[in-house]
Amino acid sequence: MARLVQVGGSGKDGFATYFAIVTNAQYFRSLVSTVALSLGVTIATLVLALVSGIFLQRNRFAGRGMLISLMTLPLAFPGVVVGFMVILLAGRQGLIGDASSRLFDEKIVFAYGMAGLFMGYLYFSIPRVILTIMASVEKLDPALEEAARSLGASTWQVTRDVILPALAPAIISSGAICFATSMGAFGTAFTLATQINVLPLTIYNEFTNYANLAMAASLSIVLGLITWAALALARSFAGAGVAAAG
Amino acid sequence: MKRRPFRYWLQLALTLLVCAFLVVPVVMSILAGVTQNYFIGVKSGLTLRWVVEVWTLYSETIWRSIYVALATLAVTLVLGIPAAYALARAQSRWTRWIEELLTLPIAVPGLATALGLILLYGGWRDFRASWLFILVGHVLFTLPFMVRSVLAVMLAVDLRTLEEAAASLGASFRDRFFGVILPNVRPGILAGSLMVVTLSMGEFNMTWMLHTPLTKTLPVGLADSYASMRLEIGSAYTLIFLFMIVPLLVAMQWAAARMERSKG
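Note that the protein sequences, when read in sequence, are chains Y and Z.
Using our numbering, you'd call the opening residue of the first sequence number 974 and step up by one each time.
Using our numbering, you'd call the opening residue of the second sequence number 26 and step up by one each time.
Derived by calculation from the structure, the hints in this document are not laboratory data.
Note that the coordinates shown come from a computational prediction; the quantities given were computed from them, not determined experimentally.
Don't take each hint at face value.
Unchecked claim - Incomplete in silico selection of chain Z near chain Y, CB under 10 Å: (1) Leu-41; (2) Ala-108; (3) Leu-140; (4) Ser-260.
Unchecked claim - Here are the simulated distance ranges between beta carbons: (5) Z/Ala-115 x Y/Ala-1202: 54 to 62 Å; (6) Y/Pro-1138 x Z/Pro-272: 36 to 44 Å; (7) Y/Phe-1210 x Z/Leu-95: 21 to 29 Å; (8) Z/Arg-74 x Y/Leu-1068: 21 to 29 Å; (9) Z/Arg-29 x Y/Ala-1017: 48 to 56 Å; (10) Y/Ala-1088 x Z/Ala-38: 34 to 42 Å; (11) Y/Ser-1073 x Z/Leu-95: 25 to 33 Å; (12) Z/Leu-39 x Y/Ser-1209: 26 to 34 Å; (13) Z/Ala-196 x Y/Ala-1017: 49 to 57 Å; (14) Y/Phe-1077 x Z/Leu-102: 54 to 62 Å.
Glycine included, every Cβ here is placed at the ideal spot set by N, Cα and C.
Kindly produce the complete structure, drawing on both the sequences and the hints.
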């Protein structure tokens, strides 16, 4: 229903508005930077979540359950709250700025730009990905690893040749979800600054400040297509269950 | 206790670091919400003054969020359970497509959906200005989660056999639906309901576009307070939000675990 309307909304300039995203330097830059940012966040999240996820699932220690529930806490935070958390960490009165001004006599503030956005996206992506990774590590057959080890494989070799390939579906699917949510995340960016050049904010500005309905509609269709394609691609690689997480 | 290799400590350190990254800001925000003056620090004294101030300023948004979440839940229950039932009974190529369509709200950013809604209904003044407009948005966004959650359980319990057994004993469709199907899919309904309420309470992307000054919800109020109030008020507001959302999250995880078990 909503899709139809969007297509209708772009009718003012006809289909030319769709090409504007490629031909207009500003929109194209915003598209490229959004994709680059989302890819960066996805990779960083996957690396961190893989290490912690495997670790948390494989080792038993005091406080493990507590640690896991603390790490899943941000799952329920909307983007605006995540943005606020980043401001508390790296904003003008933030923790990082405080520590750095005490240590080096220089206040480091990076919340209100791309770096802050990167941090915010990392913040809400990590919990989701860790949960997916942990669930699939749990299903791994330890016999495979033992077999590899008994054949003389080192820990690194076991990780690379046995564990990672077995986790591939989980990695691809959670990576795709991470990418898709980063592409569309609006609240975080909105809290940090409305002048960062990422696609959701560009759409918002087109709509509210310039009342350019057709452009806003076609940009959001492009955005929707990209995220949908990422999820569909992951699903064809990794089988069902890609969209299972919220 | 056996000696742990160096790698173990390295992994532990990284995990703790990630955890600190996630938790420290939450703690800071809670502290800031009850501190007299955040610029001076906790030593300026603890107070509930900010929480009270938030309550007087924004209590309306808090209640509205609760109403909207409950209304969303009611609508998704009424629409979602029959939809899941229809999908479960008629597994064919078409239902595959519909299930694919159901993943759309995750793929399509809330911003785009909101834009579509405004373009479609924006001209209809009274509707645009009422909280029902936000309700429609929230239902669009959460309905798929309800359907998926219920459908998953319906496919796991052998619905057809159960229904045939009941029908052979003379149960009418109504008896079967309320007496056999609903009790059997209760874990799915519970998990879906908690999910819907949690999502609706925290929804911002879409609501920000849909709201009017008279129909602000909690997250919209949050954004407002971050932008225009002092840090302590934003923090105190966040504190109230955490109080509401964290129990929901815990209940949701508990329900999801229960649903896994019931699927066996």
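Structure-based check of each hint:
1. Given the 10 Å rule on beta carbons, the hint for Z/Leu-41 holds: about 8 Å separates it from the nearest Cβ of chain Y.
2. With a cut of 10 Å, the hint placing Z/Ala-108 at the interface with chain Y is violated, because the nearest CB-to-CB distance is about 15 Å.
3. A hinted interface residue such as Z/Leu-140 counts as satisfied when its beta carbon comes closer than 10 Å to some beta carbon of chain Y; here the least separation is about 6 Å, so the hint holds.
4. Among the interface hints, the one on Z/Ser-260 holds; its C-beta lies about 8 Å from the nearest C-beta in chain Y, closer than the 10 Å criterion.
5. Separated by about 28 Å at the C-beta atoms, Z/Ala-115 and Y/Ala-1202 break the suggested range of 54 to 62 Å.
6. In this structure the supplied range 36 to 44 Å holds for Y/Pro-1138 paired with Z/Pro-272, their Cβ-Cβ distance being about 40 Å.
7. Evaluation of the 21 to 29 Å hint for Y/Phe-1210 and Z/Leu-95 yields a failure: the beta carbon distance comes to about 39 Å.
8. At roughly 23 Å, the beta-carbon separation of Z/Arg-74 and Y/Leu-1068 lies within the given 21 to 29 Å, and the hint holds.
9. For the pair Z/Arg-29 and Y/Ala-1017, the supplied restraint of 48 to 56 Å is violated, since their beta-carbon distance comes to about 27 Å.
10. Checked against the given bound of 34 to 42 Å, the beta carbons of Y/Ala-1088 and Z/Ala-38, roughly 23 Å apart, lie outside it.
11. Separation of Y/Ser-1073 from Z/Leu-95 is about 46 Å and departs from the stated range, judged on CB atoms against 25 to 33 Å.
12. In this structure, Z/Leu-39 and Y/Ser-1209 meet the distance hint of 26 to 34 Å, their C-beta atoms being roughly 32 Å apart.
13. In this structure the supplied range 49 to 57 Å holds for Z/Ala-196 paired with Y/Ala-1017, their Cβ-Cβ distance being about 56 Å.
14. A beta carbon spacing of about 56 Å between Y/Phe-1077 and Z/Leu-102 agrees with the range 54 to 62 Å that was offered as a hint.
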